Amino acid sequence: MKAPRWHIVVIVAAALAFPLIVRSDYYVHMFILALLWVVIGSSWNLLAGYTGQVSFGHAIFFGIGAYTAGLCATKLGISAWWGMLLGGPIASLIGLVIGWICFRLRGPYFALATIAVGEIFRLAAVVWRSLTGGMQGILLMQSFRSKLPYYYLALAIAFGCIYAIHRVMRSKWGYYFIAIREDQDAAESMGVNAFRYKSLSLVVSSFFTGLAGAFYMNYMAFIDPEVVFSLHHISIMAILVGIIGGVGTLWGPPLGAFIMVFLQETFRSSFFGLGPRWVSELHVLVFGLLVIFVILYMANGIVGDWDKIRRLGSSKAGAASASAGKGS
Amino acid sequence: MRRALAALLCLSLLCTLGGGLAWAQETLRVGIILPLTGAKAKFGEIEKLSFDLALKEINDAGGINGKKLEFLYEDDTGRPEVARSAAEKLITKDKVVMLGGGYGSSETFAIAGVAQQSRIPFLVNTGSDDKITEQGWEYVFRLNPPVSEYPKALESFLTEVVKPKTAAILYENTNFGSSGSQEFKEICKRLGIEVVVDEGYEHGGVDFKPILVKVKDKNPDLVYMISYVMDASLLMRQSMELRIKPKLFVGGAAGFTLPEFPQNAGKASEKVFSATLWYQTLKYPGAMDYYNKFVSTFNKDTEYHGAEAYAAAYVIADVLKRAKSTGADDIRKALSETDMMTVFGPVKFIAYDKKTNQNRLPTYLVQWIDGRLELVWPKELATKPYVYPIDWEAVWK
Amino acid sequence: MAVFIQTVVAGILMGGIYALVGIGMTLIMGVMKIINLAHGQLMMVAMYITYVLYEYLHLDPYVALLVTMPALFVLGSLLQRYLLNPLIKVESILPENQVLMTVGIGMVLTELARLIFHSDYKSVRPPYTSMSLYAGSIAFNLPMVIAFGIAVLLTIGLFIFLLKTDVGKSVRATAQNKEAALLLGVNAERITVFTYGLGAALVAAAGTLLLPIYYLFPDLGGAFTLKAFVITILGGLGSTVGAIVGGVVLGVSESLGATYISMALKDAVGMVIFLLVLIFLPGGLKRLTKI
Chain V
1 MKAPRWHIVV IVAAALAFPL IVRSDYYVHM FILALLWVVI GSSWNLLAGY
51 TGQVSFGHAI FFGIGAYTAG LCATKLGISA WWGMLLGGPI ASLIGLVIGW
101 ICFRLRGPYF ALATIAVGEI FRLAAVVWRS LTGGMQGILL MQSFRSKLPY
151 YYLALAIAFG CIYAIHRVMR SKWGYYFIAI REDQDAAESM GVNAFRYKSL
201 SLVVSSFFTG LAGAFYMNYM AFIDPEVVFS LHHISIMAIL VGIIGGVGTL
251 WGPPLGAFIM VFLQETFRSS FFGLGPRWVS ELHVLVFGLL VIFVILYMAN
301 GIVGDWDKIR RLGSSKAGAA SASAGKGS
Chain R
1 MRRALAALLC LSLLCTLGGG LAWAQETLRV GIILPLTGAK AKFGEIEKLS
51 FDLALKEIND AGGINGKKLE FLYEDDTGRP EVARSAAEKL ITKDKVVMLG
101 GGYGSSETFA IAGVAQQSRI PFLVNTGSDD KITEQGWEYV FRLNPPVSEY
151 PKALESFLTE VVKPKTAAIL YENTNFGSSG SQEFKEICKR LGIEVVVDEG
201 YEHGGVDFKP ILVKVKDKNP DLVYMISYVM DASLLMRQSM ELRIKPKLFV
251 GGAAGFTLPE FPQNAGKASE KVFSATLWYQ TLKYPGAMDY YNKFVSTFNK
301 DTEYHGAEAY AAAYVIADVL KRAKSTGADD IRKALSETDM MTVFGPVKFI
351 AYDKKTNQNR LPTYLVQWID GRLELVWPKE LATKPYVYPI DWEAVWK
Chain Y
1 MAVFIQTVVA GILMGGIYAL VGIGMTLIMG VMKIINLAHG QLMMVAMYIT
51 YVLYEYLHLD PYVALLVTMP ALFVLGSLLQ RYLLNPLIKV ESILPENQVL
101 MTVGIGMVLT ELARLIFHSD YKSVRPPYTS MSLYAGSIAF NLPMVIAFGI
151 AVLLTIGLFI FLLKTDVGKS VRATAQNKEA ALLLGVNAER ITVFTYGLGA
201 ALVAAAGTLL LPIYYLFPDL GGAFTLKAFV ITILGGLGST VGAIVGGVVL
251 GVSESLGATY ISMALKDAVG MVIFLLVLIF LPGGLKRLTK I
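Residue numbers (the numbering used here), protein chains in the order written: chain V, 1 to 328; chain R, 1 to 397; chain Y, 1 to 291.
FYI, nobody ran anything at the bench for these hints, they're computed from the structure.
Small disclaimer: the values here were computed from a predicted structure and weren't measured.
Among the hints, a few may not be true.
Stated by the list, open to error - Okay, derived cross-link-like pairs now, DSS-like style, lysine-lysine, Cα gap no bigger than 25 Å in a straight line:
no.	chain 1	residue 1	chain 2	residue 2
1	R	267	R	397
2	V	308	Y	164
3	R	245	R	384
4	R	152	R	397
5	V	75	R	131
6	R	379	R	397
7	R	67	R	321
8	R	321	R	68
9	R	354	V	75
Construct all of the structure, not just a fragment, from the sequences and the given hints.
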């Protein structure tokens, strides 16, 4: 964090002022979604990008958080906002159990195991009708008609998540996480308890994902298993958000989240109704092409390879004295 | 790299602002949310074409008190969270005066929540989960019967003709399927029919034989299936392969009335009954006209989903004509006072049982006879006499 | 008893299809050690080719095999050559970049199919679609029996190919030890291109044989990709015989699960087996059978 802090100040100020300047609920809604994805993408990044455990199952934690909030309202008869308190810890707890099962596997096998666990959770939520309501889902009424409370709450969660990850990565844990990512055996031979630190990484990661899920329940007010436990729309999207922005960088997933949400919405709505109708059919395709392009030419994502992009962009290659390295 | 982030944020802000330029015009804008891409796009398309057909007629006939009516379509891609975003966009950005559409039950439910919260009237024309009109939401109106009433005609057919003792219920694990199956179980209880198999399945399966084997083992009198078209075809084909011979197979609307069903199921679709909400020969003014117009304009078949959409368009036009202003509450008031005839039947929003703002309509029973969908029940409206009892070996030969 | 037998028969026949889907994956995962998340999507592409051939040229799906397999071989090779192989040289934080690339490829293939054919369901219905053979009251669906036979033939063919031919030996060498294979003069890059092509061609066979039984829509790939993993892990990486055994085991356990537990949990049965094998029997059935 040697780079000037004024960037962060500008971002925070802009983010705080945004809904007051742009008074359209629609754009505020898009920003809330993007902030939600900032949290999911950043949490995924902590486990995958920093600790090297590529999870294909982050929908589990998102879903657990969302259902915790939803069930607070439907089963316990208390406000779904309690889910904001409970969702994170419960997701972490489930994360510990899943980690206990899956962390004995490495690399691609870990990834496969998380896919399987994710699917099991989804199917269980579909079948266990008496608890979850099955595919009829849970519908609540939003507490606020204005978007502002949701926006600032999402903003707080997003900055909280980014800050927490920043702190974690600057602590002793962070060094162990990266050591495990680079070479688990070497890390273990140095006395790092890989299992423990992978679990810690997962606990933090699942906590924030669960919190995001609980927020989703409160904000979107409707969930069903296909929405919150979706492999394609949550787990894989979380990965792509991280990949596009840059894995193992603090600001990569947030950037990826904004790109993903706005790219998809721009195309889905045919450039906000200005373009021809058929453009809307391209909304996933364009995103897929971007993913391929990024992986092929910017293996570390837009933020991770920013210096490379800048060097290509400007002719003054000499200036690229690589001020900020990886994992800033 | 933080500069990059800042630059991108600014850029996206610019983009979004640029897109938000308002364009004033003397039109009345109504938002219609349908699945135009994704797995349910097939139905979304039939409905959109029907909306378009009606819209053209309405505007050709002078529009709404001289103003042009305009439908703004939004694609919900068959996902509730997208439907919700689409509704948000229509209400807050496009400032539509009311909402229409709503295909899948989950999507409709999500949209209805937004509509109620934002106090924008929403006329549902397909989403059929009973819960949608059981919330006491005063801004949500439903043109079509709820899923629990789909088998109403079947009920009288069963009590008067078939008198089955046992039934098997197979349903897809979606909102539509699971709520439909629960409601049908209630009917079975009422009629004293024992439910011997009651199983949900993940839609899109290749092999339904495991449950069908179970059905065959129990040999029920009635097999009731709530499925979309491809699952429906596979279920019937595999039932034929396994030679399951109940007294009758009945589909709970949705997939069983589409032309794709016989195309895919082949002779296994023969003599299968299905509940339906509409049939073109019904004695509603314009029903047959609508059917013919649709077929000649778009060169493809239409069915009850299309009629729902077409009727909804006319209800929307009628409501906007009668509303004192384009304010949400005037429109809501006009909606609740609706009393008109459409191709889909009479429309009047009433409260009954636990429901509010619900249009009450009879439903019908159709049967595939010699490759054609025929209305067979109630008897006085039938286009062909029903075929029952059925000799499955002869049908499947 | 009839219930049990019919359930098992259905499971075995389904297992044949699963084996076809899995065999290409086991080859790709065995040689390249990457999870091919575009596997089901490649199958979907083959199915659309089959559909077009049937719809416009009235080519029987079994004849279409001669077109789809080479076509997918070419497509697979190109993907490996131009999208996956370049990643080996790229330095990145995560070694899983190739896996993530296959996610991107899968998305793009699905969306291209949607763009061209829309989301409509398509199907191919030659007259033999619903034909069944009967042994007593037990039904054997004819296209599934044929698919099963072809799965066995392809497995044997692939087995012999890997064991006897020079190219096959190079593939096996690369799978076992890439560095050593390189030292022995195997052009590893070319072998990976060939292997991915072969894997794609095999899953093309699965798609083409499945189409008369099933139907087709752009999103169909994902579900089959999942099945392919389960089979690959169950059978053991790179084991051709393992794939067919894994396929049948998966098919039968799903069938039994659906009949005796719940149809809704059919897919969960596969996932649970998958987890158990990953954790308690790493290496899959190959560890037990040694082939």
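* Asked: Honestly, which of those hints from before does the structure not fit?
  -> Hints 2, 4 and 6 are the ones this structure does not satisfy, whereas the remaining hints hold.
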